[in-house]
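Colleague: Sequence:
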Amino acid sequence: AAARRVNGAFTAGVVGADPTGNPPWLATEYVRGMALGAAVETHGPWSVEYVLRLGAGLAEALTRIHAV
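49 is the number that my numbering gives to position 49 of the sequence shown; each next residue is one higher, with no gaps.
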């Protein structure tokens, strides 16, 4: 139930869950993107600025997740 209350630009919405299932499960919206290895192979290593922006997005997502 708490996962459904998380929202933000850097979090995928929950489409289904059964925390009491065996095993428990959680399904989120599909987030399109490249695998890390493919991105580096295609575009080369990420710049420091890009990594800092990525880290800021991850920090915002974790803040929203832990706020519920």
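Any given hint could turn out to be false.
[Claimed, not checked] Ranges between beta-carbon positions, derived for each pair:
no.: 1; residue 1: P45; residue 2: A17; range: 20 to 26 Å
no.: 2; residue 1: G8; residue 2: E49; range: 20 to 26 Å
no.: 3; residue 1: H43; residue 2: P19; range: 35 to 41 Å
Calculated directly from the structure, the hints in this document are not laboratory data. These numbers were taken from a predicted model, which means no experiment stands behind them. Note that the Cβ used here is the ideal one computed from N, Cα and C, for glycine as well.
Colleague: Does each hint fit the structure? Answer for all of them.
Modeller: Against the structure, the hints:
For P45 and A17, the hinted distance range of 20 to 26 Å is not satisfied, since their beta carbons lie about 36 Å from each other. Between G8 and E49 the beta carbon distance is about 22 Å. The supplied range of 20 to 26 Å therefore holds. Separation of H43 from P19 is about 38 Å and conforms to the stated range, judged on CB atoms against 35 to 41 Å.
Violated hint for the displayed structure: number 1, the only one.
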